[in-house]
Amino acid sequence: MSSFIGGIFNGADKVQMVSLDQRHKRGEIISSNIANAETPGFRAQGYAFEEQLQALTNTGKGLAMNVSHPKHMKNALTNADGMLKPDIYVRPTEDISHDGNTVDMDEEMARMAQNQILFRSAVELLNRKVGVLKYAINGGR
Amino acid sequence: MSFFKSMNISSSGLAAQRERMNILSTNLANAQATRGGPDGGPYRRQDVVFQAKPMGNKFEDLITGANGSHLNKVKVTDIHVDKSAPRMVFDPGHPDANKEGYVAMPNVQVMAEMVNMIAATRSFEANATAMEDAKQMAMKALEIGR
Amino acid sequence: MDKITIGSSSAQKIFDQLKDAQMNAPQIGMPSSKTEKSEKTFASFLKEGIAEVNQLQKTSDKMSTDIATGDSENIHETMLMATKAGLSFNLMVQVRNKALEAYSEIMRMPV
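Protein chains in written order, with my numbering: chain V, 1 to 141; chain L, 1 to 146; chain U, 1 to 111.
Fair warning: there could be bad hints in the mix.
[Claimed, not checked] Below, simulated DSSO-like cross-link-like pairs (lysine-lysine); rule was C-alpha separation at most 30 Å, straight line:
| no. | chain 1 | residue 1 | chain 2 | residue 2 |
| --- | --- | --- | --- | --- |
| 1 | U | Lys19 | V | Lys134 |
| 2 | L | Lys75 | L | Lys53 |
| 3 | L | Lys53 | V | Lys85 |
| 4 | L | Lys99 | L | Lys5 |
| 5 | U | Lys98 | L | Lys135 |
[Stated by the list, open to error] Restraint ranges, calculated between C-beta atoms of paired labels, are given here:
| no. | chain 1 | residue 1 | chain 2 | residue 2 | range |
| --- | --- | --- | --- | --- | --- |
| 6 | L | Gly145 | V | Met17 | 14 to 22 Å |
| 7 | L | Glu143 | V | Asp21 | 20 to 28 Å |
| 8 | L | Met117 | U | His76 | 32 to 40 Å |
Please keep in mind that the hints were generated in silico from the structure rather than gathered at the bench.
Computed from a predicted structure; not experimentally measured.
The beta carbon of each residue, even a glycine, is placed where N, CA and C say it ideally should be.
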């Protein structure tokens, strides 16, 4: 029972926790793109996890997961890292420089900034939730 | 509405200014090149052509025109070769001199290119500042209610 | 309440008057079956308040999930909603504390 509901953190917090890990991995991919900005023949890579996360949380435009057995977990977020199979793909682009390198430094910097902002927002939201829980545990004193 | 759109727009501006800088450097470096241009003649100076492209690479955005159809990225669509006549410089000892002793030098004016370079640098800095400011705003938004 | 009969008739009258007064006195803190439909009891205030706080928490959770899955990029509104949810939760906890204090103080009162 505890593994299904997950203790005092609810589903939304689990989504945030999973997203932290995924954004960290995305940051790594972006760093590798930036480091290889001059490598001939290097194709810029992307890291996609958002659609899978939507599908797992049954929110947004994702489809709900069908389960064949009632004991199979519908909400797989407790083992989310095992269930998420994110996509490392080669990012399609129109500009290929003469040596076959497709890394656009400015686009990578913009993506890195966006990733960092979303990472920090996840951390901040988790902090708020922990603060609320602490307040409740202390009974407001 | 979203900070990320403005970051994408700024990054497209940065990329465009970088390309412009590349072309300007090419012009400056080849200001004395008497061979290698089109038709085997001297180098002809090149210019970038910018075009505003509306944002919204999602299909539904293009259809409904919603969420920022007034937002535009910038893109370099063309490298325009300046076809004006080359400068003729009197230098009979030059291997490329014609029979009157004149050499056809590229139509690159160094001062004009330097001024363009300064403009491109300022533009680049402005775009970088815009992106940085968008990021700062987002960071500040994270501190609401802290 | 059962009709209790007391021996002497004057004592009975006084008892009846006391009983009427008790029935009609404002019932603080206790849901009364005699409350009119237009009156609201403190308990219903509390219930509504808890429901509102719960709704705010749910909305804030939905918005933060949207940020994590990339559905929405509205950071400032999410943060505002998180602040509202947190503050209203704090307020509810304090109201609960005060209500408990008031209740125990009333219970301490010698009748």
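Now for the hints, and whether the structure bears them out:
1. Of the supplied pair hints, the one linking Lys19(U) and Lys134(V) is violated, its CA atoms being roughly 47 Å apart against a limit of 30 Å.
2. A distance of roughly 7 Å separates the Cα atoms of Lys75(L) and Lys53(L); the hinted pair therefore holds under the 30 Å criterion.
3. Straight-line distance between C-alpha atoms of Lys53(L) and Lys85(V) comes to about 34 Å, which puts the hinted pair past the 30 Å bound.
4. Simply put, Lys99(L) and Lys5(L) have alpha-carbon atoms about 59 Å apart, too far for the 30 Å limit, and the pair is violated.
5. Restraint check: the Cα-Cα separation between Lys98(U) and Lys135(L) comes to about 43 Å, which exceeds 30 Å; the hinted pair is violated.
6. As the Cβ distance of Gly145(L) to Met17(V) is approximately 21 Å, the hint placing it in 14 to 22 Å holds.
7. Look at Glu143(L) against Asp21(V): about 24 Å separates their beta carbons, and that is inside 20 to 28 Å.
8. For the pair Met117(L) and His76(U), the beta carbons lie near 39 Å from each other, so the given range of 32 to 40 Å is met.
Against the hints set out earlier in the document, violations occur for numbers 1, 3, 4, 5.
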